[in-house]
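Number of protein chains: 2
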Amino acid sequence: MNTGELVELGQQLRVDSVRAAAAAGSGHPTSSMSAADLMAVLLAHHLRYDFARPAHPGNDRFVLSKGHASPLLYAAYKAAGAIDDEELLTFRKLGSRLEGHPTPQRLPWVETATGSLGQGLPVGVGIALAGKRLDRTGYRVWVLCGDSELAEGSVWEAAEAAGFENLDNLVAIVDVNRLGQRGPTRHGHDLDAYARRFQAFGWHTVEVDGHDVDAVDRAYGEALSTRGQPTAILARTLKGKGVGGVEDREGLHGKPLPDADEAIAELGGPRDLRVRVHEPPAARVLHAVESRSAELPRWDKGEKAATRDAYGKALAALGTARDDVVALDGEVGDSTRAEFFAKEHPDRYVECYIAEQQMVATAVGIAARGWVPYASTFAAFLTRAYDFVRMAAVSGSGINLVGSHAGVAIGQDGPSQMGLEDLAMMRAVHGSTVLYPCDANQTARLVAAMADLDGIRYLRTSRGGSEVIYGPDEEFPIGGSKVLRSSAQDRMTLVAAGVTVPEALAAADALGREGIPVRVIDLYSVKPVDRATLRQAAEETGCLLTVEDHREEGGLGDAVLDAFGDGRPVPRLVRLAVRTMPGSASPEEQLRAAGIDAESITAAGRLLAEEAVVA
Amino acid sequence: MNTGELVELGQQLRVDSVRAAAAAGSGHPTSSMSAADLMAVLLAHHLRYDFARPAHPGNDRFVLSKGHASPLLYAAYKAAGAIDDEELLTFRKLGSRLEGHPTPQRLPWVETATGSLGQGLPVGVGIALAGKRLDRTGYRVWVLCGDSELAEGSVWEAAEAAGFENLDNLVAIVDVNRLGQRGPTRHGHDLDAYARRFQAFGWHTVEVDGHDVDAVDRAYGEALSTRGQPTAILARTLKGKGVGGVEDREGLHGKPLPDADEAIAELGGPRDLRVRVHEPPAARVLHAVESRSAELPRWDKGEKAATRDAYGKALAALGTARDDVVALDGEVGDSTRAEFFAKEHPDRYVECYIAEQQMVATAVGIAARGWVPYASTFAAFLTRAYDFVRMAAVSGSGINLVGSHAGVAIGQDGPSQMGLEDLAMMRAVHGSTVLYPCDANQTARLVAAMADLDGIRYLRTSRGGSEVIYGPDEEFPIGGSKVLRSSAQDRMTLVAAGVTVPEALAAADALGREGIPVRVIDLYSVKPVDRATLRQAAEETGCLLTVEDHREEGGLGDAVLDAFGDGRPVPRLVRLAVRTMPGSASPEEQLRAAGIDAESITAAGRLLAEEAVVA
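First to last, the sequence lines map onto chains C and X. In terms of the working numbering, the first sequence is residues 56 to 670. In terms of the working numbering, the second sequence is residues 56 to 670.
Rather than coming from a laboratory, the hints here were simulated on the basis of the structure. One or more of the hints may lead you astray.
Heads up, simulated BS3-like pairs for lysine-lysine below, C-alpha to C-alpha not over 27 Å straight-line [what the hints assert, rightly or not]: (1) C:Lys359 <-> X:Lys148; (2) C:Lys310 <-> X:Lys398; (3) C:Lys310 <-> X:Lys148.
This one's a predicted model, so the numbers in the text were calculated from it and none came from an experiment.
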């Protein structure tokens, strides 16, 4: 396209943004209008993308980090012929694919859900990293960012990672329209302020008038010819550009234009330009679609092993069987044991340093490219990335997260290092799977099973060693459980998982010696839970005593309730969980202090048995 | 002290770090040894602190952001005479104040709990901001950071905030020992790499040999004489400095030295130097300790108002009555309505821009200085700061967090903007209070009540308006609930909160018309829950049907279980919650699609009543 056509295309994108928001009665047209010229030039001249084949491995990848500017995205889809005008005007309506913030669940051209600011660039870094290190094809990743969102630390985690990894296939386009939701940003139109920051993190930068289509065109060209560094294009723009009544004005964020018809007239009326987007180059998928079954590590019953060790060994074995498995870690691979994978498969290991948000974003990015990521750090530190996990679920992303050093059982390091909220956090994520194994063989099986599940899969591992209680050929279906002690006389059921399983077994033995037979269930699948087994135990024993190395809210105890959510009678439910703030102490002292060791369980069981007699 | 004495003091801190870790059998002596000279010079020459009066308003504030280097901190306490050698050797033992990672819960000289990396500098920024803008006294804030933790985006959120706020009372001392836990950091000993980054964010920087005590002394002096900018001192150090067998070596993170006696000998043996730390200058506390009771806004029953509006108005009124109340917001004050406070009390309003981690860290920092912060953003975006909230609980910090735009009820903006995991996340935090009001008068009362609670207090507000159902003089005790419909014939109880309260009331009316009388409880205090009322309802009606605009895990439904956790019989418990991934739609359509509107509740109630008849 020539200059005049590009200008016209930009105006069309503005008009269609205004029209979409007007039809919806809500949305962010002014945030779309500032970036319309940036989008027009990208679409017409630089993006290589086959809208008919969004899975094409050679396609460039575009991420709308400022997800609220969705009208612009959908206007661009229309200009590219991917959607028609009728669909454009379904924006934000019930059942429409064109949501307020775009998601890949509904639109095949969207790489990742955005709308929580500061996430598009981190995921874009993940995709670019996949391009460089895993796919090894030449696609480029274009991320359109807002200026407000550069206040998010996650953006600088991403900038640091991209600079360090020399991602010259990544271009961040920053729409510096100087206005956030509430008012001016910290740096207004000071492009240099942003450029200094990106440069410090090793990026090439270009400053440009974001409404000068020729200058924007040259800036993209400069980005494409830059080697060894990612490029940030800092574009000076005006929010609401093109309509005098709203241009560069405060107080108009997230609102349709006051008079859409007048605005459309001022923008020169509707147009119907079509863009022939460049075809992607030929490319192929590197990892095999078929994979062998993994030769998982095996432990003998009675051996002592930590589940974190089993995680590392099983993942390394899985990586041998499947060439689509990738491991990521937040600079604690010697603790999580991700290092076992790193040693065997260095090409498929991503060291994320201490940057948990970027680690999860990288996992989401490489999962979007068809890889199967396992990302690990301490369970406690996954809380750092909760917004990213939540948004990954909105994306429908399939990622594996592994949190080690769960619970008070870690001992001396104290509460800052103890994952005590992770089960609650992960259970509340839509469509998640939450697993908490108690021995090495169980861990290995679950690590392998996770790979083929949908959505967010979380595995919780423990620091200390424990006795292997299952044989290496035992199977552990997702949504299942194991009944470890059972008799027709059982007077209650102990429900445990992870480190509390051996404690519950010891308690069951002690109670049995006192003439109180109790059932023990290993509820390794915390979500989904094994409803049938829990219900049967409830009916047969009348009382469930849950024991968990986690806060009492949202963890194992609450999970048990899922089995009784359909209105059927609920048994007596008593929960043992961590109710105090631990300090430093040995693992054994911690379990005792929290009231979740064998003796505490025994005492609680004894009390419940007495009460039942009284009742 | 002269050069020789400073060198000796540094060696003493090393020896004591080695001794403490040896006595504990765990800990991080090598991470302590790298920073020993930095600490020695600070303690002896620059820190102004009265260990006998940690609450002295003129005290400088020291934050050990690399919290795992706690042996160094405790060795410094010993050198300052705050603890004795006997206590030093209780490090990491059960009951000791000297935890693996320091917390203010146990030690009066600790400003904030650390151990989750990348949090000390953000909280330090909050304290420095309090010094500049609220306390307006001349204390300085010194933060000792590790180099590994500079990979955390939160560090750059903090750097951005500090640069923008011109915090020249803040000094970040970065112990660049080049080694993280697992191995080398990204930038090794490249001090320039770090300096460029800090400079880009508006900081003054000084590069120094961290083992040259005179150079370190001059660097601190340069920091103190720098005006208008925070200073970062980038100190080149060696991990394990002073002991040949461990100095600058990989694989020794977080381990006691292999041979403590030999190491101590190599360091020149134990010493018993005492430091006379400089006295703080005279200073006074600015905010009044006593405060008037707030003239809260009032609404008439039947008026329509959004709880977010009530939040903003009530907070503004509270700010008039109490001069210790401070509001913070993540650049969405026009949405959360924190702007109402900002307009009336601009001196006590902190605009945090889109940086939720720093917002919470600032709240923790100013709370540490005696202020009462209320920090607001969309409920969904508080997930971004979960690690900070968790660590605030470890600190025992008293902060108020307010999440607006809760649930699917926001409508068209879609799932990225919907707080659907916030109740689960906040309930799992130790010692938290979780409140979810349904009308304006209730909101106002709860906003005022929050100020005087301990720990993390969370208030969930809604976007849309709803009818005021309570009079302005109604009281809402924390841990209470309101029974809104009740009769002796009730056949079940609807438990609702927030936006589901009016839906539950409408459902109760509809069911009543069908001859199914039901009770309705407004469970505005989600944690703690009103056990007595829930138990009574269970006994009298036999069935609880919970309805929440939240994921089914960890929210209102699970909270109800708390009332029955002591082993007493549980009623039938059925939960209605958000079980799908919403798209864009109107608020009414969203409630319907999620199955939590009046009609869905009515249908569920009808079904349960039939089942009860059958049963």
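Checked hints:
Proximity of Lys359 (chain C) to Lys148 (chain X) is assessed by CA-CA distance (about 25 Å); at most 27 Å being required, the pair is judged to hold. A distance of roughly 22 Å separates the Cα atoms of Lys310 (chain C) and Lys398 (chain X); the hinted pair therefore holds under the 27 Å criterion. In summary, the hint linking Lys310 (chain C) to Lys148 (chain X) is not supported, as the alpha carbons are separated by about 58 Å, beyond the 27 Å threshold.
Hint violations for this structure: number 3 only, all remaining hints satisfied.
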